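Trainee: When you get a sec, could you build the whole thing from the sequences and use the hints?
Residue strings, one per chain:
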Amino acid sequence: DGGITQSPKYLFRKEGQNVTLSCEQNLNHDAMYWYRQDPGQGLRLIYYSQIVNDFQKGDIAEGYSVSREKKESFPLTVTSAQKNPTAFYLCASSIGQSNQPQHFGDGTRLSIL
Amino acid sequence: GQQLNQSPQSMFIQEGEDVSMNCTSSSIFNTWLWYKQDPGEGPVLLIALYKAGELTSNGRLTAQFGITRKDSFLNISASIPSDVGIYFCAGPRNNAGNMLTFGGGTRLMVKP
Chain A
1 DGGITQSPKY
11 LFRKEGQNVT
21 LSCEQNLNHD
31 AMYWYRQDPG
41 QGLRLIYYSQ
51 IVNDFQKGDI
61 AEGYSVSREK
71 KESFPLTVTS
81 AQKNPTAFYL
91 CASSIGQSNQ
101 PQHFGDGTRL
111 SIL
Chain B
1 GQQLNQSPQS
11 MFIQEGEDVS
21 MNCTSSSIFN
31 TWLWYKQDPG
41 EGPVLLIALY
51 KAGELTSNGR
61 LTAQFGITRK
71 DSFLNISASI
81 PSDVGIYFCA
91 GPRNNAGNML
101 TFGGGTRLMV
111 KP
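One line per chain: the protein sequences are A and B, in this order. Under our numbering, the first residue of the first sequence is numbered 1, with each subsequent residue one higher. Under our numbering, the first residue of the second sequence is numbered 1, with each subsequent residue one higher.
Calculated directly from the structure, the hints in this document are not laboratory data. Keep in mind that a hint or two might mislead.
[Claimed, not checked] Computed spacing ranges between beta-carbons, pair by pair:
#: 1; chain 1: A; residue 1: N84; chain 2: B; residue 2: P8; range: 27 to 35 Å
#: 2; chain 1: A; residue 1: E15; chain 2: B; residue 2: Y50; range: 42 to 50 Å
#: 3; chain 1: B; residue 1: I80; chain 2: A; residue 2: D30; range: 22 to 30 Å
#: 4; chain 1: A; residue 1: V52; chain 2: B; residue 2: I80; range: 37 to 45 Å
#: 5; chain 1: B; residue 1: E15; chain 2: A; residue 2: S80; range: 30 to 38 Å
#: 6; chain 1: A; residue 1: S111; chain 2: B; residue 2: I80; range: 31 to 39 Å
#: 7; chain 1: B; residue 1: R60; chain 2: A; residue 2: N84; range: 19 to 27 Å
[As the list claims (entries may be wrong)] Derived coverage of chain A by chain B (criterion: at least 3 residues anywhere in the stretch with Cβ under 8 Å from a Cβ of chain B; other residues may be distant):
#: 8; stretch: 68-82
#: 9; stretch: 96-102
[Stated by the list, open to error] Only part of the chain A face toward chain B is listed, based on derived beta-carbon distances under 7 Å:
#: 10; residue: A31
#: 11; residue: L90
#: 12; residue: G105
#: 13; residue: D106
#: 14; residue: G107
These numbers come from a predicted model, not from an experiment. The beta carbon of each residue, even a glycine, is placed where N, CA and C say it ideally should be.
Mentor: Given below as structure tokens:
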């Protein structure tokens, strides 16, 4: 089946530690996105990538980093600079054309130990 | 910047009731998307609307693209317990490209 796979489902981070969230898609989509969702809140854009080897900051990029070395993969690193990392992280992809829907993975819940 | 306002923020209804929710913006949108998010899962696309006045159904769900292009409505008929979740509207940022703006969501709870 085609889709977007996020792993792990749950992740715990110690103080001062960097952690990386995985996002893989086999939909042949050009564009990929990372969102953060806090309890009872909507989605806030962290980073996005329109094409391989290119990515742009979203609305809340501070304390996060990404790479886009392959079309199907867009990992997100939550660095120690992100002081409030506890949240639900969602990855999405789209075909990259205007007005097309984004399709989401099932999310990774990150908590601080 | 563009903002999407969803109302109500939450609803608690009896199974079998019909549900209506809406999404409004101060600026014009040329596309409206409706997603549902189950607890602990990612949002799933329900309906996409591309033309003012368009009315589209997906099973018991019906969504409309407002004629002013500044609003959209989602109706659920004969609600069932599995309708529980958060419903988000979304539209393209600045009406261009593939970036989306999301509303804050309507949380639906259904009492069996």
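Trainee: Hint by hint, say whether it matches the structure.
Mentor: Against the structure, the hints come out as follows:
| no. | hint | in the structure |
| --- | --- | --- |
| 1 | N84(A) x P8(B): 27 to 35 Å | holds (28 Å) |
| 2 | E15(A) x Y50(B): 42 to 50 Å | holds (47 Å) |
| 3 | I80(B) x D30(A): 22 to 30 Å | violated (37 Å) |
| 4 | V52(A) x I80(B): 37 to 45 Å | holds (43 Å) |
| 5 | E15(B) x S80(A): 30 to 38 Å | violated (47 Å) |
| 6 | S111(A) x I80(B): 31 to 39 Å | holds (32 Å) |
| 7 | R60(B) x N84(A): 19 to 27 Å | violated (39 Å) |
| 8 | 68-82 | violated (count 0) |
| 9 | 96-102 | holds (count 7) |
| 10 | A31 | holds (5 Å) |
| 11 | L90 | holds (5 Å) |
| 12 | G105 | holds (5 Å) |
| 13 | D106 | holds (5 Å) |
| 14 | G107 | holds (5 Å) |
Of the numbered hints listed earlier, those contradicted by the structure are 3, 5, 7, 8.
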